[in-house]
Amino acid sequence: MKPASFAYHRPDTLAEAAELLGNLGDDAKVLAGGQSLVPMLNMRLTHFENLIDISRVDELCGIDLVDGAVRVGATTSHALVGLDDEVADSAPLLTMATPHIGHFQIRTRGTLGGAIAHADPAAEYAAVALALDAEMEATSSRGTRTVPAADFFTGLWENSLAADEILSAVRFPVWQGRCGYAVEEFARRHGDFAIAGAVVAVELDDSSRVARCGIGLLGLGSTPLRGTAAEDAVRGRAAAELDEDALDEIGRVAMDAIDDIPADLQGSATYRARVGSTMVARALTRALASARSQTRGS
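My numbering puts the first residue of the sequence shown at 1, with every later residue one more than the last.
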C-alpha cells in the first residue's frame with residue numbers, strides 16, 4: 001500500500017524545523033528515520049497533512065560527553081550508537097541494547113530519538129532511558145526544556161512532548177564505580193519485538209552491596225516500564241546473598257507490581273509475566289556478576 005498524500009518539508013536547521021512544526025500544528029508530524037512512521041503511513045494506520053523530515057539537520061546528529069552524561073542527538077542512528085566508543089565506555093547499556101533492535105537495515109536507518117519518541121512498550125532504548133534516569137531535550141520555537149524519562153512515556157505510542165516540540169537529544173547519565181549491565185529479552189525470532197524483556201544496571205559499593213539499581217522492562221505494559229519494586233528489593237543487599245533463588249523471587253516481585261500486563265497473539269498475560277520474571281532474574285544475574293568481577297576503585 002501507499003500512504004495518503006502529504007506535503008513534504010525538509011528543514012536545514014533545528015530552528016527552522018521547530019518553526020515549521022509550530023506553524024503547522026496538529027496537521028504535521030516529525031519524520032526522522034521513518035522505520036516506525038513510514039510503515040504506519042503506508043498501511044493507512046495514520047495520516048498527516050505535513051511531514052517534517054529532520055534527517056538532514058546536522059545539529060541533531062552526534063554523540064558527546066557533556067556534564068557527566070552521554071548526550072545523543074535525536075537523529076543519531078542505532079548503528080552509530082552501537083559502534084561508538086564513547087557510548088561503550090560511558091553508557092554500555094546502550095551498546096548492549098542496540099543489537100536487539102530489529103535487523104541491521106533498521107539499525108542503519110532508524111534513529112535513537114525516533115525510537116524513544118515513538119514510545120513503543122517493547123522499545124529497547126526507551127527501557128534503557130528509564131533504567132539510567134535519562135533526560136530528554138524537548139525543543140520548540142519557545143526554547144528547550146528537559147523532561148525526565150520517568151515523565152516522558154504517557155501511553156501506547158504517546159509521549160509528553162507538546163504539539164510544537166521536537167525531541168532534539170537524550171542525555172544518559174554516566175554511572176561510576178563498580179557497575180554491571182545486562183540486557184535480556186525473549187522474542188519469537190531475532191529482530192521481532194520482545195514478548196518480554198529487561199535491561200538492568202547495578203552499582204556495588206566498597207562492601208559489595210547494591211548501592212544503585214535501575215531496571216527497565218519491555219513488552220509488559222502499554223508503555224515502557226521501570227521495575228521500581230524489583231529495584232527496591234535489590235538495593236542495599238549484599239551481592240553474594242543474591243543467589244538464583246533470591247533473584248527468581250525478585251523477578252516475580254517485578255511482575256507482581258505491574259497492574260495490567262497485556263495479552264495478545266504472542267501470549268497471554270500469565271505467559272508474559274512468567275517470561276518477564278525470568279528475563280529480570282537473568283539480567284540481574286549477569287549485571288551483578290559483571291559488577292562483582294571489577295576490582296574496588298575501578
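Calculated from the structure, these hints are not laboratory results. Even glycine gets a Cβ: it sits at the ideal position worked out from N, Cα and C. Some hints could be false.
[As the list claims (entries may be wrong)] With beta-carbon atoms standing in for the labels, derived distance ranges: (1) ARG292 <-> GLU19: 45 to 53 Å; (2) GLU16 <-> ASP232: 44 to 52 Å; (3) LEU45 <-> GLU244: 24 to 32 Å; (4) PRO148 <-> MET43: 42 to 50 Å.
[Unchecked claim] For lysine to any residue, the following SDA-like pairs were computed, each having C-alpha atoms within a straight-line distance of at most 20 Å: (5) LYS2 <-> MET43; (6) LYS29 <-> ASN42; (7) LYS29 <-> ALA162; (8) LYS29 <-> ASN159; (9) LYS29 <-> HIS190; (10) LYS29 <-> SER207; (11) LYS2 <-> ALA79; (12) LYS29 <-> ASP85; (13) LYS29 <-> ILE63; (14) LYS29 <-> HIS47; (15) LYS29 <-> PHE186; (16) LYS2 <-> MET40; (17) LYS2 <-> GLY62; (18) LYS29 <-> CYS179; (19) LYS29 <-> ARG142; (20) LYS2 <-> ASN23; (21) LYS29 <-> ARG10; (22) LYS29 <-> VAL174; (23) LYS2 <-> ARG56; (24) LYS29 <-> ASP133; (25) LYS2 <-> GLU59; (26) LYS2 <-> LEU14.
Do the hints match the structure? See the list:
1. ARG292 <-> GLU19: 45 to 53 Å: 52 Å, holds
2. GLU16 <-> ASP232: 44 to 52 Å: 46 Å Cβ-Cβ, so the 44 to 52 Å window holds.
3. LEU45 <-> GLU244: 24 to 32 Å: 43 Å, violated
4. PRO148 <-> MET43: 42 to 50 Å: Violated, since PRO148 and MET43 (Cβ atoms, about 33 Å apart) do not stay within the stated range.
5. LYS2 <-> MET43: 7 Å, holds
6. LYS29 <-> ASN42: Within the cut-off at roughly 15 Å; holds.
7. LYS29 <-> ALA162: Distance of about 12 Å is within 20 Å: holds.
8. LYS29 <-> ASN159: 14 Å, holds
9. LYS29 <-> HIS190: The given pair, whose Cα atoms are some 30 Å apart, is violated under the 20 Å limit.
10. LYS29 <-> SER207: 51 Å, violated
11. LYS2 <-> ALA79: It is violated: about 27 Å lies between the C-alpha atoms, which goes past 20 Å.
12. LYS29 <-> ASP85: Violated, at roughly 32 Å.
13. LYS29 <-> ILE63: 25 Å, violated
14. LYS29 <-> HIS47: 9 Å, holds
15. LYS29 <-> PHE186: 32 Å, violated
16. LYS2 <-> MET40: 10 Å, holds
17. LYS2 <-> GLY62: 32 Å, violated
18. LYS29 <-> CYS179: 39 Å, violated
19. LYS29 <-> ARG142: 18 Å, holds
20. LYS2 <-> ASN23: Not OK: LYS2 and ASN23 at ~27 Å, beyond 20 Å, violated.
21. LYS29 <-> ARG10: 12 Å, holds
22. LYS29 <-> VAL174: Judged against 20 Å, a Cα distance of about 32 Å means the pair is violated.
23. LYS2 <-> ARG56: 24 Å, violated
24. LYS29 <-> ASP133: Violated. LYS29 to ASP133 sits at ~27 Å, over the 20 Å cutoff.
25. LYS2 <-> GLU59: Given pair LYS2, GLU59 is violated - Cα atoms ~31 Å apart, limit 20 Å.
26. LYS2 <-> LEU14: 29 Å, violated
Hints 3, 4, 9, 10, 11, 12, 13, 15, 17, 18, 20, 22, 23, 24, 25 and 26 from the earlier list are contradicted by this structure; the remaining hints agree with it.
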